[in-house]
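S.K.: Okay, here's what each chain looks like letter by letter:
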Amino acid sequence: MFGRLTIEALPLYSAIAMGGALIVVFGTLAVMAAITWMRAWGYLWREWFTSVDHKRIGAMYVILALIMLVRGFIDAIMMRTQQAIAVNSDGYLPPDHFDQIFSSHGTIMIFFMAMPFLTGLINLVMPQQIGARDVAFPYINAMSLWLTASGAALVMVSLVIGKFSTAGWTAYPPYSGIDYSPYVGVDYWVWAVLLSGIGSTLSGINFLVTIIRKRAPGMKLMFMPLFTWTTLCTSVLMAFAFPAVTVVGVLLELDRVAGMHFFTSGDGGNMMNFANLLWIWGHPEVYILILPAFGIYSHTVSTFSGRKLFGYTSLVWATCAIAILSFTVWLHHFFTMGSSANVNSAFGIATMIIAVPTGVKVYDWLFTLYRGRIRFTVPMLYTIAFIVTFVIGGVTGVLLAFPPADYLMHNSTFLVAHFHNMLIPGALFGYFAGLNYWFPKMFGFRLDERWGKRSFWCWVVGFYLAFMPLYMLGFMGMPRRMEHYDVAAWQPYLVVAFLGAVLILVGLTFTIVQIVVSVRRRAELRDPTGDPWNGRTLEWATASPPAPYNFAVIPTVTGRDAFWTMKADGTAWRRPARYEDILIPRNSAFGPLIGAIAFVLGFAAVWHMWWLVALSAVLAAIVVIIRSSNDDTDRLLPAAEVERIETAWLAEVAAAPRPVDEPARGVPSAALPGAAT
Amino acid sequence: MSDATRIGEGPGRRSYLVGLVLALALTAIPFALVQFRLAGTTATVVAIALAALVQVVVHLRFFLHIDFHKTPRENLLALFFAGFLIFVMVGGTLWIMFDLHYRMMP
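These protein sequences, in sequence, are chains A and B. 673 is the number that our numbering gives to position 673 of the first sequence; each next residue is one higher, with no gaps. Quick note: to get our numbering, add 677 to the position in the second sequence (first position is 1).
To be clear, the hints were calculated from the coordinates, so they are not data collected in a lab. No residue lacks a Cβ here, since even glycine has one placed at the ideal position from N, Cα and C. Just to be clear, a hint being listed does not mean it is correct.
As the list claims (entries may be wrong) - Listed next, the in silico DSS-like pairs over lysine-lysine satisfying Cα-Cα at most 27 Å (straight line):
#1 B/Lys747 <-> A/Lys214
#2 A/Lys220 <-> A/Lys453
#3 B/Lys747 <-> A/Lys220
#4 A/Lys308 <-> A/Lys220
#5 A/Lys308 <-> A/Lys214
Stated by the list, open to error - Sample of chain B residues lacking proximity to chain A, with all beta carbon distances greater than 12 Å (derived):
#6 Leu701
#7 Pro707
#8 Phe708
#9 Phe713
#10 Asp744
#11 Trp772
#12 Met774
#13 His778
Unchecked claim - To give a feel for the contact side, a few chain B residues facing chain A, derived at Cβ under 10 Å:
#14 Tyr693
#15 Leu703
#16 Ala705
#17 Val723
#18 Leu727
#19 Glu751
#20 Phe757
#21 Thr770
#22 Ile773
#23 Leu777
#24 Arg780
#25 Met781
#26 Pro783
Using the sequences plus the hints, can you model the full thing?
M.R.: Written as structure tokens, this is what we have:
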């Protein structure tokens, strides 16, 4: 009945694990109690959980990402604490628990923090940037969200029931095979990755079709805002790379439960093919994470310099080049596996070539800043910190691309420092910039600047303190994932890294404070016009938050920076001659339902409750068939209702005071002497 | 999506039936080869790979109605792009794994 689930699955083996479990349980109960106390269940269900509106789905993705960021960070600071004290001692974490923590840290940060964060921002912004009313498949969009959430829920449940994987976030066999990891940890990893992977694949296809098919009239590909371009490339990577991780997860699970030998020695199995297949997904994945951030920086750098983006065409081609090249370098993650010099050098050279288009981008951003009228807002600060810090990470990456150098550095903390250097200042700072930049589009008010800046400084300084010592420790020979060590010379560096983590903790706390303070000051920070930063692209042409249909009249696009042009020739915020009825997709309970069924399926599979696996698979199929047979999925918003919403908003725009630090609305900013605009 | 892909217009039931028969045959051949051991190991592996490739073409032609003349150019481009990526992934994998195999022979 319950498979291998017994009372022993509760984490009674360690006080710390028990504490983690209790925090999860009581945290969930507290949130549920708070919702009940505010009588918000009905509202949340009707307006949010069942919503198929891309803005709402985007906001829910971002909230999921922020929650998982906290969880992933707690893992990180626990590791830093352990390593700061564990010289010639056991520290406070037993090895088995420490291994679970580094495995869940990586899994969470990639799959359940970064992926939802970027998917959320894309959802929120991309359809508005191309002048569309929604994504191509709104219901599949909701399904992607809830599949991702069910994967995240599986990882969280592993804290309370059973254990998580100890095989690292990449789960290499043979260690992740049934012989060495017989318990449920690796199964939790596989099912969490599979469920969220299906969600990501569907998201990728959805965004791709949206960009190809739903652009406003006149918006040629080379008129698209850069964030839309990076989304296009990221979607291609998602659609083509994620199937690889799905396959590799299924094969690993077949090895584990069905006694097959894809990745175990025997019957022709080969464990090295796991690394190969995993990184066929894994390397495009890091570009899936970074490309949307590149898009965000391109917008913040141009908006807050008051200048047109420098080298738009080169940025587009650089993005496409990076996307293609990202499929040709995966072997650099396992140079040391023993390939011949020919294979290693081919992949090493391909890796170094990626630095070229990335370098083009850095120069484009610098030239956009050059002689710009720079406003040091929070997104701009993140952008500047990114440009400086990311170059350091890029240089260490090129260093690692040399196979002989990689032989010395692989599996050391130098590598850990390198990829955190790419993913924190590269991807995460971009998401934070995007969050600060587009938050008004999400909820209708800006985020508080003061707390945003405090948080920014803690994150940046904390990052340098936490990861620069790891570069040095890598040179000193420290391997990654050490539970304890006996080299006293490492400890001072690890203490500094721990202090960096503490500073990041302060930064993370300030981020939360920033959100709370902004919610309390929301009347003051309200964005009545929908264009709080004097933006250039079409997402600023809608209200904040946008009406369900985004654009009452689909705009006609004649060039790049469409909204800037509209403001310049006075066609922005103009009342159309007449409004028309608009079809919008109706909310649907099938999204959360599919997510719930997927969660039960995953949980049952982890614990070998095969009857429940079969039952939920059948249920999922039935639910999909019922939904697919429903032809009545849209509702009509009458023209009168559209007119009421639009009139109220346009009145607010007319009454809005003009911020002092901005050039006059509707007039292109005056060019500085010598500066091309 | 081109109009030809709507059921009821363009390719009729015949096309689907031809596709179905071909797909079944291309599935039966590999199974028969393995079940009745009709050929040596290498020949069997090659035959299975070929049957799989032809199977892909059959699906594209008879079920997805890809046609070099009627299908819009952008759809064909997307298909070629997919083909290129598959070539990189499968070709790269074969290169890497055979290289390793060669180096690990006793």
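S.K.: Evaluate each hint against the coordinates.
M.R.: A quick look at each hint next to the structure:
no.: 1; hint: B/Lys747 <-> A/Lys214; result: 23 Å, holds
no.: 2; hint: A/Lys220 <-> A/Lys453; result: 37 Å, violated
no.: 3; hint: B/Lys747 <-> A/Lys220; result: 24 Å, holds
no.: 4; hint: A/Lys308 <-> A/Lys220; result: 18 Å, holds
no.: 5; hint: A/Lys308 <-> A/Lys214; result: 25 Å, holds
no.: 6; hint: Leu701; result: 23 Å, holds
no.: 7; hint: Pro707; result: 17 Å, holds
no.: 8; hint: Phe708; result: 18 Å, holds
no.: 9; hint: Phe713; result: 20 Å, holds
no.: 10; hint: Asp744; result: 20 Å, holds
no.: 11; hint: Trp772; result: 7 Å, violated
no.: 12; hint: Met774; result: 6 Å, violated
no.: 13; hint: His778; result: 8 Å, violated
no.: 14; hint: Tyr693; result: 20 Å, violated
no.: 15; hint: Leu703; result: 21 Å, violated
no.: 16; hint: Ala705; result: 23 Å, violated
no.: 17; hint: Val723; result: 16 Å, violated
no.: 18; hint: Leu727; result: 20 Å, violated
no.: 19; hint: Glu751; result: 8 Å, holds
no.: 20; hint: Phe757; result: 13 Å, violated
no.: 21; hint: Thr770; result: 6 Å, holds
no.: 22; hint: Ile773; result: 6 Å, holds
no.: 23; hint: Leu777; result: 6 Å, holds
no.: 24; hint: Arg780; result: 6 Å, holds
no.: 25; hint: Met781; result: 7 Å, holds
no.: 26; hint: Pro783; result: 14 Å, violated
In this structure, the hints that do not hold are numbers 2, 11, 12, 13, 14, 15, 16, 17, 18, 20 and 26, in rising order.
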